[in-house]
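Based on the sequences and whatever the hints tell you, model everything.
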Amino acid sequence: SGTSSRGSSFSSLSSVVGMSLGKISTEGGRTETALVSLRSRDFFLTLYQNDQFLGDFYAHKGFSAESGYDASIYNLKEQVWLDVSKPLFSDAHKEFNVNILSLSRDETNGFITLSVKHQSPELAQKWTSKIISNINLYIKNLEVSEAEKRLEFLVDRLKGTSTNVLIAALSKLIEGEIKTLMLGESSNQFVFKVIDSPYISDIKVEPNRTLICFIGLFLGIFFAISVVLVLHYLGKTLTFSLKPLKIFTKEI
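Under my numbering, residues 31 to 282 are what the sequence shown spells out, in order.
Please keep in mind that the hints were generated in silico from the structure rather than gathered at the bench. Nothing here was measured: the structure is a model prediction, and the numbers come from that model. Among the clues, some could well be false.
Claimed, not checked - DEER-style ranges, computed between Cβ atoms:
(1) K223 / E152: 21 to 27 angstroms
(2) E152 / V260: 49 to 55 angstroms
(3) K189 / N139: 28 to 34 angstroms
(4) L75 / T138: 30 to 36 angstroms
Said to hold, decoys possible - Using 30 angstroms as the maximum straight-line C-alpha spacing, the simulated DSS-like pairs for lysine-lysine come out as follows:
(5) K170 / K91
(6) K202 / K147
(7) K147 / K124
(8) K179 / K209
(9) K189 / K202
(10) K209 / K147
(11) K202 / K170
(12) K160 / K170
Note that the Cβ used here is the ideal one computed from N, Cα and C, for glycine as well.
Printed below as a string of structure tokens:
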């Protein structure tokens with residue numbers, strides 16, 4: 031592919047032009063960078079600065095997307111936090127990675143599944159779409175910025191060389207950077223191309239009521255058996271301790 035050939039060109043010229051290729055410039059490296067960035071503090075900061083995101087996830091506890099906000103800590107109309115109720119960045123970031131965002135990869139075909147957990151299926155669907163859009167934009171801005179810097183460097187090197195081999199190699203590298211810039215300008219799905227669009231689920235993920243019932247039934251049976259055994263043991267103890275006493279009397 032174009033990215034693979036560009037990577038080979040960069041590696042072979044690293045000692046000549048004084049630069050090396052980072053993994054982000056390859057297709058596989060771009061995907062890995064995006065996956066790591068999804069859980070990074072830098073990317074989460076772009077969400078944390080959005081009060082609507084914080085309100086939807088940290089002040090909303092209801093099923094309906096229109097209700098369920100805690101009015102004592104969050105003003106829905108103005109989308110602002112009241113007093114000092116806004117969650118700390120570190121706490122919000124931990125909560126996001128542990129309880130909100132879920133990532134998985136199918137090792138057989140490489141497809142990635144991204145899901146967002148929320149009590150409201152509408153908000154879960156909305157923010158799944160937004161997070162995919164945001165990470166594509168985040169990586170695009172990062173890579174386009176690096177491509178512009180590399181392109182400027184390569185053009186300067188090209189002006190200062192007269193060797194045909196280096197001219198051909200540098201021209202190939204410049205072509206690759208221009209392709210990156212073109213991709214950034216022409217596509218919103220810079221890293222992740224959506225195959226199955228986020229949808230409003232009609233299946234509850236949790237709590238698992240069936241599992242809860244089974245666990246409750248098991249604990250109930252265990253408790254009942256334990257009580258019966260304890261009472262049976264105590265009953266035997268009382269039987270032994272309360273044996274009738276023989277009283278001998280002497281007639282006078």
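Verification of the hints:
no.: 1; hint: K223 / E152: 21 to 27 angstroms; verdict: 24 angstroms, holds
no.: 2; hint: E152 / V260: 49 to 55 angstroms; verdict: 51 angstroms, holds
no.: 3; hint: K189 / N139: 28 to 34 angstroms; verdict: 45 angstroms, violated
no.: 4; hint: L75 / T138: 30 to 36 angstroms; verdict: 34 angstroms, holds
no.: 5; hint: K170 / K91; verdict: 34 angstroms, violated
no.: 6; hint: K202 / K147; verdict: 45 angstroms, violated
no.: 7; hint: K147 / K124; verdict: 14 angstroms, holds
no.: 8; hint: K179 / K209; verdict: 14 angstroms, holds
no.: 9; hint: K189 / K202; verdict: 15 angstroms, holds
no.: 10; hint: K209 / K147; verdict: 37 angstroms, violated
no.: 11; hint: K202 / K170; verdict: 22 angstroms, holds
no.: 12; hint: K160 / K170; verdict: 15 angstroms, holds
Checked against the numbered hints given earlier, this structure breaks hints 3, 5, 6 and 10; the rest are met.
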